[in-house]
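Spelled out from the first residue to the last, the chains are:
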Amino acid sequence: MRKEEIGNELTTISPLVEESLLNLKRETAPQGYFDELEASVLEHIALEKFRDELSASETVPDTYFDNLTDKIMSKLASERSISLRIIKLVSSHSAVKFAAAVLFFISIGMIVQLYKQPEKNQMDAITEQAYIDYLKKNIDDVDISMLIQARMIDEGVLNDIPSYTNMRDLKSSDNDE
Amino acid sequence: MQQFVGHPEDDLILELIDTSDKKDIGFRYLVNKYKERLYWHIRRMVGNHDDADDVIQNTFIKVYRNIHTFQYNASLYTWLYRIATNESINFLKSKKMSGLSPEITDYVIGNLKQETHFDEDFAIQKLKAAIHLLPEKQKLVFNLRYYDELPYDEIAAITDTSVGALKASYHHAVKKIEAYIKTQF
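Chains A and B supply the protein sequences, listed in that same order. Taking our numbering, I'd label the letters of the first sequence as residues 1 to 177. Taking our numbering, I'd label the letters of the second sequence as residues 1 to 185.
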C-alpha cells in the first residue's frame, strides 16, 4: 500500500527517475555478512565493557596524586634510616664485640653474686662471742688495728683480751720514753 | 528463556535490556531484529560495504551505551534510525564528504565502481552516483522515503524536521537526480 503510494508520488515528481530506479538492481551485502554481524557487534561490545571495567578499576581518589610524592619520599627516608642503622650495627665488629663483652661481664658478675650470697649469710651467722674467742687465740696488733679500722669490732670488746691489753700498755710506755 | 520464532516485540526487548542480568540477551535480540534495516540505511548513506560495516558497528555500540537514555515517547525503531543517521553523517564529515567538491565526487564514484557488478551498465552507475552525490539531508530524506518506505511523520521524528520541509526536501532530491541523469545521457 505504502509502496504504491510512494511510487505514485515519485511518478508525479519525475517519471524519468521513477523508471530509472525500477531498473536499478538491488544491491547486495557479502554472503553470510548478517550472520557474522551480530557476533562481531557483540564482540565489540564485550571489548568495550572490558575497557570500561578496566578504566573504572583504574580510577584513584581526587587528591591522590597531589600527596603521592610526599608520601613516597617520607617512606623512603624512614626506610633508609632503619636500614642504615642495621648496616652500621652489623658492619661495626667492635660494637658487637663490645656488646658481647658487656653481656659476658654482667653474666659473670651475676653468677659471682649468686655464689657470694651464701658466704655473706654465713658471716652474718657468726656471733660476736665467737669473734672474741677467735681473737683470744690468734691475736696480733696488726690484725686488731685493721679490724678496728674496718669497724668490724668495737675496741671495748678488746679489753677482755689480756694479751691485747698487755701489748697496748707496753706500746704506750715505749712511746712515752 | 522464552524462544521467539520471529523477532520479539520492542517492548519485550527493552524490558530484557532493563533487567541487569538479561541486558545482553535483550541486546542480542535488538541487533538481530534491526541489523539488516540499519545496514541498508547506513550503506545508502556512506556508499560502500566496508564503510557501512564500520558505521553499523559503531551505531550498535552507541546504542548499547545509551539505551538507558531511550525515551519511550518515540519508537525504538525511530531512535535507532536516528543514531544510525547521525553516525553516518559523522562518518561522512570525518571523511570530508559533505558537499559536492570534485574530490568527493571522485571518491563516491570510485566507491560505486568497486561496489557495482560487472554486468551493471553505465546508466545504472550514474543513477547511483546521482543519489550518492545529493546533499546529506536530501539524500537522507530520499533514502528514508524511497528505499525504507517510511511515512513522513516517522522521517520527521528521525530527522527532527517538519513534514512540510521533508516533502520539499524529497521533491528537490528527485529533481536533482533527474537533472543529473539528463546531463549524463
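Worth flagging that the hints you see were computed from the coordinates, not collected in a lab. Among the hints, a few may not be true.
[To be verified] Once the Cα atoms are required to be at most 30 Å apart in a straight line, the calculated DSSO-like pairs of lysine-lysine come out as:
| # | chain 1 | residue 1 | chain 2 | residue 2 |
| --- | --- | --- | --- | --- |
| 1 | A | 71 | B | 93 |
| 2 | B | 95 | A | 3 |
| 3 | A | 49 | B | 137 |
| 4 | A | 49 | B | 62 |
| 5 | A | 49 | B | 126 |
| 6 | B | 167 | B | 126 |
| 7 | B | 137 | A | 3 |
| 8 | B | 23 | B | 95 |
| 9 | B | 126 | A | 71 |
Here is how each hint holds up against the structure:
no., hint, in the structure
1, 71(A) x 93(B), "violated (49 Å)"
2, 95(B) x 3(A), "violated (34 Å)"
3, 49(A) x 137(B), "violated (34 Å)"
4, 49(A) x 62(B), "holds (12 Å)"
5, 49(A) x 126(B), "violated (43 Å)"
6, 167(B) x 126(B), "holds (24 Å)"
7, 137(B) x 3(A), "holds (22 Å)"
8, 23(B) x 95(B), "violated (34 Å)"
9, 126(B) x 71(A), "violated (70 Å)"
Consistency with the previously given hints fails for numbers 1, 2, 3, 5, 8 and 9, ordered from lowest to highest.
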